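Chemist: FYI, the numbering used here numbers position 93 of the sequence shown as 93, with every residue one higher than the one before it.
No wet-lab data here; the hints were simulated from the structure. In this text, all values refer to a predicted model and were calculated from it rather than measured experimentally. All C-beta atoms, glycine included, are put in the ideal place defined by N, C-alpha and C. Be aware that one or more of the hints could be misleading.
Each computed DSS-like pair below joins lysine-lysine, with the alpha-carbon atoms no more than 27 angstroms apart [said to hold, decoys possible]:
{"#": "1", "residue 1": "Lys71", "residue 2": "Lys164"}
{"#": "2", "residue 1": "Lys71", "residue 2": "Lys150"}
{"#": "3", "residue 1": "Lys150", "residue 2": "Lys27"}
{"#": "4", "residue 1": "Lys32", "residue 2": "Lys150"}
{"#": "5", "residue 1": "Lys32", "residue 2": "Lys71"}
{"#": "6", "residue 1": "Lys32", "residue 2": "Lys164"}
{"#": "7", "residue 1": "Lys71", "residue 2": "Lys27"}
Here are the in silico distance ranges between beta carbons for each label pair [said to hold, decoys possible]:
{"#": "8", "residue 1": "Pro172", "residue 2": "Leu58", "range": "18 to 26 angstroms"}
{"#": "9", "residue 1": "Asp116", "residue 2": "Arg53", "range": "32 to 40 angstroms"}
{"#": "10", "residue 1": "Asp98", "residue 2": "Asp40", "range": "32 to 40 angstroms"}
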Amino acid sequence: MSLVFALAPINVSCGDSKDDDKAAAVKYGELKTSLLASTDIQSASLTTSVCSRDSSSLLLSGAFTGPGGEKLDIKIRNFSTTPRPYTCTQTADNRDGDLGESYGECGIEFAIADRDLGPNTYSTYRTAATQDAFTFGGACTITPTYTAPKVTLNITCANLVQTKYHGTPRNPISGAETASLASGTTVECSI
Numbered sequence: 001m002s003l004v005f006a007l008a009p010i011n012v013s014c015g016d017s018k019d020d021d022k023a024a025a026v027k028y029g030e031l032k033t034s035l036l037a038s039t040d041i042q043s044a045s046l047t048t049s050v051c052s053r054d055s056s057s058l059l060l061s062g063a064f065t066g067p068g069g070e071k072l073d074i075k076i077r078n079f080s081t082t083p084r085p086y087t088c089t090q091t092a093d094n095r096d097g098d099l100g101e102s103y104g105e106c107g108i109e110f111a112i113a114d115r116d117l118g119p120n121t122y123s124t125y126r127t128a129a130t131q132d133a134f135t136f137g138g139a140c141t142i143t144p145t146y147t148a149p150k151v152t153l154n155i156t157c158a159n160l161v162q163t164k165y166h167g168t169p170r171n172p173i174s175g176a177e178t179a180s181l182a183s184g185t186t187v188e189c190s191i
C-alpha cells in the first residue's frame with residue numbers, strides 16, 4: 001500500500017491587493033526631472049525597458065517607459081563596456097533643415113506625462129526634419145557601468161529643449177522652455 005500526499009498552495013495576503021500589485025512591478029530606472037530653473041525634483045519609476053546594441057556600429061539604443069506615460073530614450077554612439085562618460089551634444093548640422101548626424105556621442109529625449117493634456121517632450125537634438133530649428137546648449141553626461149549582461153546608465157542632463165507641449169509639436173520651439181534630468185536619473189537593461 002502506498003500513500004500519496006497532495007499539497008495545495010496556500011495564499012496568504014496581508015494588506016491591500018493593490019499594494020501587492022505595486023510591489024510586484026519591475027523597476028528598470030528612475031526618471032528625476034526638474035522644469036526650467038526649478039530646484040523642485042519630480043521622480044517617476046520606469047517599469048519597461050527595451051535595449052539593443054548593434055554589433056557593427058556599436059550604437060546602444062535604450063527606450064524606457066513608466067506607468068504614467070513617462071518616457072526616456074537614449075542613444076550612445078560607439079558604446080563600449082569599458083566604463084567612461086559620454087557627453088551628449090547636438091551636431092551643428094541638426095539645428096535646422098535636414099537632421100544631419102543629429103547628436104555627437106549620445107542623444108537623449110524624455111517625456112513627462114500629463115494625463116489630462118498629453119506629454120511634454122524634451123530633447124538634446126531634433127528628431128524629425130519637420131521640427132522647428134533649435135539649438136541645445138545644455139550640459140549632458142551619461143556614465144555607464146557594465147556587469148554582463150546588464151548595463152546601468154547614470155544620467156545628468158541640463159536644459160533639454162521642449163519639442164512637444166501636451167503632445168503637440170511646439171511651433172515655434174523656444175530655447176527658454178527647458179527641463180533637466182537630475183542627478184540620480186538611472187536606468188538599466190540587458191544587452
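Chemist: Confirm or reject each hint.
Modeler: Verification of the supplied hints:
1. Only pairs whose Cα atoms come within 27 angstroms are accepted, and Lys71 paired with Lys164 is accepted, the gap being roughly 13 angstroms.
2. For the hint linking Lys71 to Lys150, the alpha-carbon distance of about 20 angstroms falls within 27 angstroms, and the restraint holds.
3. With a CA separation close to 14 angstroms, the supplied pair Lys150 and Lys27 stays within the 27 angstroms bound.
4. Pair hint Lys32 plus Lys150 holds up; C-alpha atoms about 21 angstroms apart against a cutoff of 27 angstroms.
5. Pair hint Lys32 plus Lys71 holds up; C-alpha atoms about 11 angstroms apart against a cutoff of 27 angstroms.
6. The straight-line distance between the Cα atoms of Lys32 and Lys164 is roughly 19 angstroms, inside the 27 angstroms bound, and the hint therefore holds.
7. The hinted pair formed by Lys71 and Lys27 meets the criterion: a straight-line CA distance of about 13 angstroms does not exceed 27 angstroms.
8. The hint said 18 to 26 angstroms for the Cβ distance between Pro172 and Leu58, and at roughly 36 angstroms that hint is violated.
9. Our hint of 32 to 40 angstroms for Asp116 and Arg53 holds, since their Cβ atoms are close to 37 angstroms apart.
10. Separated by about 37 angstroms at the C-beta atoms, Asp98 and Asp40 satisfy the suggested range of 32 to 40 angstroms.
Figure legend: structure checked against the earlier numbered hints; the only hint not met is number 8.
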